[in-house]
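Using the sequences and the accompanying hints, generate a full structural model.
Sequence lines, in order, name chains A and B. In terms of my numbering, the first sequence has 26 at position 43, counting the first letter as 1, and numbering is strictly consecutive. Take the position in the second sequence, starting the count at 1, then add 1042; the result is the number in my numbering.
None of these hints come from the bench; they were simulated from the model. Think of the CB as a built atom: it goes at the ideal place given N, C-alpha and C, for glycine as much as any other residue. Where hints are given, some of them may not hold.
What the hints assert, rightly or not - Listing some non-contacts, in silico: residues in chain A with all C-beta distances to chain B over 10 Å:
1) -1
2) 0
3) 43
4) 49
5) 124
6) 130
7) 137
8) 139
9) 142
Said to hold, decoys possible - Computed beta-carbon distance windows for the label pairs:
10) A:102 <-> B:1455: 22 to 30 Å
11) A:49 <-> B:1460: 55 to 63 Å
12) B:1458 <-> A:125: 22 to 30 Å
13) B:1462 <-> A:150: 44 to 52 Å
14) A:107 <-> B:1480: 56 to 64 Å
15) B:1302 <-> A:155: 27 to 35 Å
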Amino acid sequence: MANRPTSMAVSGNNRSFFQYKLVLLGDSSVGKSSLALRFVRGQFQEFQESTIGAAFMTQSVQCSDGTTVKFEIWDTAGQERYHSLAPMYYRGAHCAVVVYDISDASTFTRAKSWVRELQRQAPPNIIIALAGNKLDLSHSRQVSEEEASAYAAENKLLFVEASAKTDANVKLIFTRVAEAIPKSDAATAAPRSQDTSSKTVNLGEEDNRRKCC
Amino acid sequence: MKPQQARCTKCAADGQPDDSVLVSMARSLFQWRGNAAGGGHGIDSPAADDRARPHREEHRQLTQDPWVRLAIAAAYNALAGDLSLSQLLLVESPGAVLPVVAAPAGWPGPDWGLSTTGSGDWPGEGSGPGSDPASPLHPWPGSPGGDFSAETVALDRAPPVPGLPAQDAELLARLQDPIDRLLKTFAETLQHQLNGPIYDKVAPLASCPCVTALFLGNLERYFFKQFHSHIYALPTEVYRDQLAAVNVRRHRWIEGRHLDLPAGLVPAFPFGVADDPALGLLSAVIGPSPAGAVSAPAVSPDSAGRTLRAFQLCVDALGQMGQCFAPGQKIERLMLAVRLIIRILRTAGMVSSAEHMLPLLVVALCRSSLYECMVATVQFLTRFRPETTAPEEDYYMMMFTTAVHFLETLDRKSLSITDGEYHRLVTAFREYARSEESLAKARAALDPYAGLLSHLGPETANASETAGLPGTAGGGALAALLPGPGVVAMAASLAPGPGSGGGTPGQVAVSSASLSLEPVRAFSDAPAGGWNRTGRTNPKARAAPPVSEEKPSPISDEDFVWQQQQQQSPSPN
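So this is what it looks like as structure tokens:
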């Protein structure tokens, strides 16, 4: 799986459709999956009709340049005991959204350590976004917007404060990420094997490509 | 012999046949081969790349395993012939796809000496050309001379991929080796099947995607069943599995609350563990679980009952993963387990986020029988899983890998539990290990075969016991796990059947990597069902009284039949 290309550019409409793997990171209880649920299904709590879980979801975003970006959203377990397993999730990811809770300073500290870890271990061209969740609790805010945005600017992160509960800025997070991803990068990535036009698999070519990357 | 165009009642479409499964299977083999040659693909840890380096030697060894090369070559052959399903099914000239080889006189037939008991995946399996049911299984025949190459048609084609390593083409061209002749037998068998029984059954529906999918699924199963014991795992992975199993056995009591799951999601401990008769004793030792946990046999309200049922099914599905051969089947079971976990969470009105799903998967995995071969299962799936177009399978495969890794490294620090409670439970578990030992002794008194096996049983029990002592999980458990040479020698001298003989085709495999890794397990399987080459996947057969032959295989060809049986059977306890 590590070798498997996870992004694809379907060349049907002039490379206007891209698919990326996006990893949600952050402490537990910061509302990672709430953000994703709000973004994907437009709801705060999971409803009964869903047959597949909220841990993995896909959602598309229209970019301003006319392209469509489809995110595969990979949720991760935020508890400390699973921390050592996180690299398995962000390996091969194209973008990561690090979530913290603006009403809880400790989650911001934790988010910073996630960012450091990503910068150290994740793929070098990964797009990292910092998202402060629970904007609706701004009356009990512990992390100021200035502090967070300064940190984000310093580390070249995208930064959005949002609220999954009120749906404020949720889509903005993902749109910003979608705009920030270099599309040319994805275009060079291998398309998946799902294009059915050529049934013969060119093994040698694939091997060569794997080696030269 | 053009087959009639026919319509499937299921899909009512006459679409193009889709051979993607076969192609992806072959590609997986290639990819794996490439990885093995190029330096490993670490499973799952941040330092995987570093850790893979020492494994390279083993990768190389396994790649040189003639059986693995055989599998690769067979897959290559399928590809080199530019095999499409329509060709596969509507073979006009039989030689066009796979080499046609006339069976030499006295050829043992396509059974290869591999266990195909309980087959059914493949109609007509075991009745290939030249096979004579009356003739005894032959020792490997003397070389009939290099007379195969002249009759191979597919070999004459230029490889479709110029960049393909030359040794693969050479492998097919070089047929002096008995091993290479095995490849021919495989091809021959396949060819025969395609022209004979399969053709008659499938050809009329060749244009139906449903049938072709079924056919390719069967082909995949057949393939992996034949080669299972050879491509199953590397020595290091089997070793890791042994260590991980000790660790899991030590922690099998974990419940949802130890992983911060809300009460009511995971039933209290022995529930879901169905494969162990001594567990009743253990639960008596551990004592009642604290308030909040669901007690298994309770007369519960509907939602709790549904939760229990779903959890049980989930545990069973994971257990089945360790018992089926093909990667597709394993993935099917994994996705079923995932759906059941989601159902549990939905019943409880909770969001099925990774934070809730992963601990549930961990607990279910811990209670299923898969824990004995989970590392190898992950590796197997990493290598051979067909490329899917469903990214969620990638995700849940990753979640499964994560859960396995978590269980591998599980200790007190990864659990929400006080020191006192932890030691109490671990101590209780030592009692359990002792009870298991006494059980093995009781079995030994009852059964002559079990008398042999009981020498292996205490090994396991001791290992668990040693591991149960806090702080001594390292060397002691490790030493206890390794099969002592005495045990192996004794088992070898006592074990009846073809295992002790030489010269059968099976023996070729016996001498290769897989069996030498695990003499204890392999020999302990021998009395149960003859030379059970698939014993590696059936941990329950170890140290248990001989299983009766007519016991149906837990793997049914009908998907999820077992699930229906589960639903019909009364609730445990």
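We went through each hint and held it up to the structure:
{"no.": "1", "hint": "-1", "verdict": "holds, 19 Å"}
{"no.": "2", "hint": "0", "verdict": "holds, 14 Å"}
{"no.": "3", "hint": "43", "verdict": "holds, 13 Å"}
{"no.": "4", "hint": "49", "verdict": "holds, 24 Å"}
{"no.": "5", "hint": "124", "verdict": "holds, 24 Å"}
{"no.": "6", "hint": "130", "verdict": "holds, 27 Å"}
{"no.": "7", "hint": "137", "verdict": "holds, 25 Å"}
{"no.": "8", "hint": "139", "verdict": "holds, 23 Å"}
{"no.": "9", "hint": "142", "verdict": "holds, 23 Å"}
{"no.": "10", "hint": "A:102 <-> B:1455: 22 to 30 Å", "verdict": "holds, 27 Å"}
{"no.": "11", "hint": "A:49 <-> B:1460: 55 to 63 Å", "verdict": "holds, 58 Å"}
{"no.": "12", "hint": "B:1458 <-> A:125: 22 to 30 Å", "verdict": "holds, 25 Å"}
{"no.": "13", "hint": "B:1462 <-> A:150: 44 to 52 Å", "verdict": "holds, 46 Å"}
{"no.": "14", "hint": "A:107 <-> B:1480: 56 to 64 Å", "verdict": "holds, 58 Å"}
{"no.": "15", "hint": "B:1302 <-> A:155: 27 to 35 Å", "verdict": "holds, 32 Å"}
The structure fails none of the hints (numbered hints given earlier).
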